[in-house]
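Trainee: Chain residues, written in single-letter form:
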Amino acid sequence: MTKFKRALTSFVVPLLSILLAFLIGAVIMIVLGANPLLALKYLWKGAFGTAANLGTTLAKATPLIFTALCACFAYKCGVFNLGGEGQFIMGSVVACLIALQSGLTGFPAILLCLVAGAAAGGLWGLIPGVLKITRGQNEMIISIMLNYVATLFMGVIYTSWLRDQNIPQTPAIPDSVKLSRVFPNMRFTTAFLIAIAVGLILYYYLFWTSNGFKLRAVGYNMTASRFNGFPVKRYILASFIVSGAVAGLGGAAELLGTQFRLINGFGAGYGFDGVAMALIGQLHPIASMVVAIFFAALRTGSTTMQAGTGVPTSVSDIIQALVIVFTVAGMALVKLPEFEAFRLRLSGGRKKEAKTV
Amino acid sequence: MSFAANLILASVRMAVPLLFIALAELYSERAGMVNIGLEGLAAIGSLVGFLVCFVTGSAWLGILAGALVGVAVNMIYAFATITLCANQIVYGMAINIFAPALASFIYRVYFGTGSELSQITLMNGIGIPGLKDIPFLGDLLFNQTPMVYLAYLLVIVTVIYFGKTRSGLNFKSVGEHPKAAATLGIPVTKIKYVSCVLCGALAGVGGAYLTTCYANTYTEGNVAGRGFIALAAVIFGRWTGGGILLACLFFGFCDALQIRLQVANFGLPYQFFQMIPYIATVVVLSLIGAKKAGPRAGGQPYRREER
Numbered sequence: 000m001t002k003f004k005r006a007l008t009s010f011v012v013p014l015l016s017i018l019l020a021f022l023i024g025a026v027i028m029i030v031l032g033a034n035p036l037l038a039l040k041y042l043w044k045g046a047f048g049t050a051a052n053l054g055t056t057l058a059k060a061t062p063l064i065f066t067a068l069c070a071c072f073a074y075k076c077g078v079f080n081l082g083g084e085g086q087f088i089m090g091s092v093v094a095c096l097i098a099l100q101s102g103l104t105g106f107p108a109i110l111l112c113l114v115a116g117a118a119a120g121g122l123w124g125l126i127p128g129v130l131k132i133t134r135g136q137n138e139m140i141i142s143i144m145l146n147y148v149a150t151l152f153m154g155v156i157y158t159s160w161l162r163d164q165n166i167p168q169t170p171a172i173p174d175s176v177k178l179s180r181v182f183p184n185m186r187f188t189t190a191f192l193i194a195i196a197v198g199l200i201l202y203y204y205l206f207w208t209s210n211g212f213k214l215r216a217v218g219y220n221m222t223a224s225r226f227n228g229f230p231v232k233r234y235i236l237a238s239f240i241v242s243g244a245v246a247g248l249g250g251a252a253e254l255l256g257t258q259f260r261l262i263n264g265f266g267a268g269y270g271f272d273g274v275a276m277a278l279i280g281q282l283h284p285i286a287s288m289v290v291a292i293f294f295a296a297l298r299t300g301s302t303t304m305q306a307g308t309g310v311p312t313s314v315s316d317i318i319q320a321l322v323i324v325f326t327v328a329g330m331a332l333v334k335l336p337e338f339e340a341f342r343l344r345l346s347g348g349r350k351k352e353a354k355t356v
Numbered sequence: 000m001s002f003a004a005n006l007i008l009a010s011v012r013m014a015v016p017l018l019f020i021a022l023a024e025l026y027s028e029r030a031g032m033v034n035i036g037l038e039g040l041a042a043i044g045s046l047v048g049f050l051v052c053f054v055t056g057s058a059w060l061g062i063l064a065g066a067l068v069g070v071a072v073n074m075i076y077a078f079a080t081i082t083l084c085a086n087q088i089v090y091g092m093a094i095n096i097f098a099p100a101l102a103s104f105i106y107r108v109y110f111g112t113g114s115e116l117s118q119i120t121l122m123n124g125i126g127i128p129g130l131k132d133i134p135f136l137g138d139l140l141f142n143q144t145p146m147v148y149l150a151y152l153l154v155i156v157t158v159i160y161f162g163k164t165r166s167g168l169n170f171k172s173v174g175e176h177p178k179a180a181a182t183l184g185i186p187v188t189k190i191k192y193v194s195c196v197l198c199g200a201l202a203g204v205g206g207a208y209l210t211t212c213y214a215n216t217y218t219e220g221n222v223a224g225r226g227f228i229a230l231a232a233v234i235f236g237r238w239t240g241g242g243i244l245l246a247c248l249f250f251g252f253c254d255a256l257q258i259r260l261q262v263a264n265f266g267l268p269y270q271f272f273q274m275i276p277y278i279a280t281v282v283v284l285s286l287i288g289a290k291k292a293g294p295r296a297g298g299q300p301y302r303r304e305e306r
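Going line by line, the protein sequences match chains A and B.
Last residue of the first sequence: 356 (numbering that gives the first Met the number 0), numbering continuous.
Last residue of the second sequence: 306 (numbering that gives the first Met the number 0), numbering continuous.
Keep in mind the hints are simulated off the structure, nothing from the lab.
In this text, a Cβ means the ideal position worked out from N, Cα and C, and glycines have one as well.
Check each hint, because a few of them may be wrong.
Subject to a maximum C-alpha distance of 30 Å in a straight line, what follows is the list of computed BS3-like cross-link-like pairs (lysine-lysine) [claimed, not checked]:
1) B:K163 / B:K189
2) A:K213 / A:K334
3) A:K334 / B:K178
4) B:K189 / A:K334
5) A:K334 / A:K4
6) B:K171 / A:K334
7) A:K213 / A:K2
Which residues of chain B face chain A? A few of them, derived with a C-beta cut under 7 Å, are [what the hints assert, rightly or not]:
8) A85
9) Q270
10) Q273
Derived CB-CB ranges, DEER-like [what the hints assert, rightly or not]:
11) B:I159 / A:F206: 50 to 58 Å
12) A:T208 / B:V262: 51 to 59 Å
13) A:W160 / B:I133: 43 to 51 Å
14) A:N263 / B:V262: 15 to 23 Å
Model the full structure from these sequences, guided by the hints.
Mentor: Next comes the structure, spelled out in structure tokens:
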């Protein structure tokens, strides 16, 4: 397949998957006794209908973009970082401690929170990375176990150490440490801009620098890279740290921009969501960001949809899950030799070389 | 009864769901199918088991329904990875996202939001007459729910099947070297599908155990990482039935210890104790290192025409 055609399939497959997922979603809505077209209209209105709704969508997209980039970057180096959630949470925990305890205010406090959050996430990502390269151990299981540890540690913070009197949550961070909105009438903050900037930097690094090329080469074929003299282990470790740092930064930004306090359920599910988005986005940082915004739109819109038609918001979770189920299967399908032969027969082409990798 | 005896009894109870899920993974990996979607399979099994038990009042039907839904969901994985040759890890992840979403959706549609916690009656224990009266050992081995007996029976069957029967050796050969197996006339693709049926059923049962034999309610996230701890148990148990049993007992012990320590209240926040099973998993995995003992063709797609 030519480069162009490959790019085309990597667009077409997710788009078809989304379509198929929405079709099934529509069937579910009919079964539940709702009008799917009306529901879709509410979904759209809720997500993009007004400036305020668009702002909410972008605010919801912000943490998802961070965890999607986290998953994406590690996958590019051939390792599965499923610990985005834990890294995200550790970032927010450290940011929360600094915001509440350091006594700093204003910009220096914000900067310190973000940097320390990223460092905490990177450190949390370092653990599976080190165990992977020194003990050759399964990074997926380790990083997932660390998610649970991080969630429980956050629980210690908001139920014991920094509890807000009787309520199991931390007090809100001071106003001067909160990130400001970009437009006063829209809920999203500068955190969204940071997310976009991080995505662009990662894109530039991965696709336009020689180190990024080597990192992708390690992800593509670890053995060949080793024989080429690339420091494979160093790249693996670095990819864990960077991807952890991105998630940690996301956690800090989410705390300073949207949530303002640690509470039960903070960050829950964001890690796996990030993995899903990275996969649907074909492990491309920019595509993953677009997918993250799409999923955020689904979530924001589904509240309006529920109010308007009574379809429960969790339909949007099903649709999201179906998109990933279809996309991954679809990408595998188009890589099958039989499919390639079928496609060539359809187009009447007589190409000799149809080998894909 | 003493603290230690209680602890050991609780360990056995906590080990059972893990044992089902880990055996699910064993059957899958023995046919070269690395399935990290166990967490999702257990989640949907847990919910459907609960729901069926809630409606029919029968814990047994709940377990059966859990097994069936586990198979159904795992067939998606099987089709995508065996027939379409999708990456097994990636697809397992997709199942981990899809199945819990489906579970929580079904729960919300059926029970609505904000309704109080619905409860079911747990499966009754069956004591084996005579044997159950032996002090301590009687309670440990012969006075449990039938699911506990079933789990141990499964371990024995698994050990015999993979060690002593021709069919079991054929099964294993698919995970070791599918092409060589195929040249011997072993139906590789069929065995892979069979392994996925077994995996789905056992993981679903493991999930259903959590609601029908352990906690009498369903809460989101009740599998709590057991799907992944089971993966670790398979590695720790060196891909053998006996090893997995010991590994699951160890992780079950960690879980039981954690609960006992929480209750004992040492003035530490309870979450620190809850971390024990997860940290134990990390420590165990890092200690045993990566001596690769698993099936050699694990995770690789099998295509007949490919050379």
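Trainee: Under 7 Å, Cβ to Cβ, is where B:Q273 needs to be relative to chain A, so tell me if that hint holds or is violated.
Mentor: Because about 5 Å separates B:Q273 from the closest Cβ in chain A, which is inside the 7 Å limit, the hint holds.
Trainee: Has the given pair, A:K334 with B:K178, been kept, meaning a C-alpha gap of at most 30 Å?
Mentor: Holds, at roughly 21 Å.
Trainee: Hey, does the B:A85 contact hint survive, CB to chain A under 7 Å?
Mentor: OK, holds: B:A85 within 7 Å of chain A, min 3 Å.
Trainee: Against the range 50 to 58 Å, how does the distance between the Cβ atoms of B:I159 and A:F206 compare: consistent or not?
Mentor: Given about 54 Å between the Cβ atoms, the range holds.
Trainee: Taken at face value, is the distance from the CA of B:K189 to the CA of B:K163 at most 30 Å?
Mentor: holds (21 Å)
Trainee: With a cut-off of 30 Å on the C-alpha distance, tell me whether B:K171 and A:K334 pass.
Mentor: holds (28 Å)
Trainee: Indicate whether the distance between the beta carbons of A:T208 and B:V262 respects the range 51 to 59 Å.
Mentor: This hint holds: roughly 55 Å between Cβ atoms.
Trainee: Regarding the hint that B:Q270 lies at the interface with chain A, is the smallest CB-CB distance below 7 Å?
Mentor: Status holds, d = 4 Å.
Trainee: Given the hinted pair B:K189 and A:K334, is their alpha-carbon gap at most 30 Å?
Mentor: With a Cα-Cα distance of about 22 Å, the restraint between B:K189 and A:K334 holds, given a limit of 30 Å.
Trainee: Quick one: are A:W160 and B:I133 within 43 to 51 Å, going by C-beta?
Mentor: holds (48 Å)
Trainee: Does A:K4 sit within 30 Å of A:K334, going by the straight-line distance between their CA atoms?
Mentor: holds (12 Å)
Trainee: Is 15 to 23 Å a correct range for the gap between the Cβ atoms of A:N263 and B:V262?
Mentor: holds (21 Å)
Checked against the numbered hints above, the structure violates none of them.
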